[in-house]
Amino acid sequence: MDLLDDMRIFVSAVDAMSFTGAAAKLGLSKQFVSRRISSLEQSLGVRLLLRTTRRLAVTDLGRVYYERARRILEEVEAANLAVSSQGERPRGNLRVSAPMSFGTMFLSSAIPSFLTTYPDVTIELELNDRTVDIVGEGYDVAVRIGALADSSLIARTVAPMRMVTCVSPRYLETHGAPQTPEDLSDHTLLPYGHSQRVSWHYARDGQPLEIPVAGRLRVNNGELARDAAVAGLGVTWLPVFIVAPALLGGRLVTVLDDFEPPPSSIYVVYPQHRQASLVIRAFSDFLAAACGVAGTQW
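Heads up: take any position in the sequence shown, counting from 1, add 3, and you land on my numbering.
None of these hints come from the bench; they were simulated from the model.
Heads up, some of the hints might be wrong.
As a list, the in silico SDA-like pairs of lysine to any residue whose alpha-carbon atoms are at most 20 Å apart [what the hints assert, rightly or not]:
| hint | residue 1 | residue 2 |
| --- | --- | --- |
| 1 | K28 | L130 |
| 2 | K28 | T134 |
| 3 | K28 | G48 |
| 4 | K28 | R73 |
| 5 | K28 | L64 |
| 6 | K28 | S41 |
In this text the structure is predicted, and so the values were computed from the model without any measurement.
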């Protein structure tokens, strides 16, 4: 077994904090992972991991080795990509994470077109509205919407994205329209978000305005919030690409347009050591072009 392979197994075990998780990611058995890490420790003459029946813990020396090994593996991958990316066509597997609504409403048609254009590429797509750890969970690229947290990831803007406040005509007939963001406290709201605290963002005289919201129905999927609004259950605040068909069909109308915040963006993000990847570059280019064609939906 090559030392680089042992490093890769060890780094995967630390990322997952479990032999089982590392084995699943690498397509190996749990027993094989445990045996290789024990062999690595024996060859180094140090304890890298503390094992209990319930969890793993990284020793101080193990943490030092993990950081160095991870950088070495990234450099090896970057070196391989720098050479393999000189080929004429993108090829290989691409593991992608994207938000659920964006995936079902846009990627469902964009990815088949991408795979038709690049027949030597395969894609593993996971739709999930949580923010994944791209490096730790083994993704090549992720689609993210809105403000980005500071990180070492490379981010490419593929499309602008607007947020709008909308309701059904039926709701307006009964409850009227809010005239200012503060008026939302007098309305039934349909928050979309994952955390216990959800805020909607507006602008007044060029200054940002944050409105904490709560409601009878809080969901972590934008399409469900949209459908609840169409049914007349309340006011919601969502990306335009989720509500565009309902707006165009008259099933929803926008309110508080004078307080709409500045547009944010839809991004493709990926680790720095993958910037030479031809398949990631092709995917980013394709997505940006496809978003440009569908620009009225953002």
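Hints versus structure:
1. K28 <-> L130: 18 Å, holds
2. K28 <-> T134: 19 Å, holds
3. K28 <-> G48: Not OK: K28 and G48 at ~27 Å, beyond 20 Å, violated.
4. K28 <-> R73: Judged against 20 Å, a Cα distance of about 16 Å means the pair holds.
5. K28 <-> L64: 24 Å, violated
6. K28 <-> S41: 19 Å, holds
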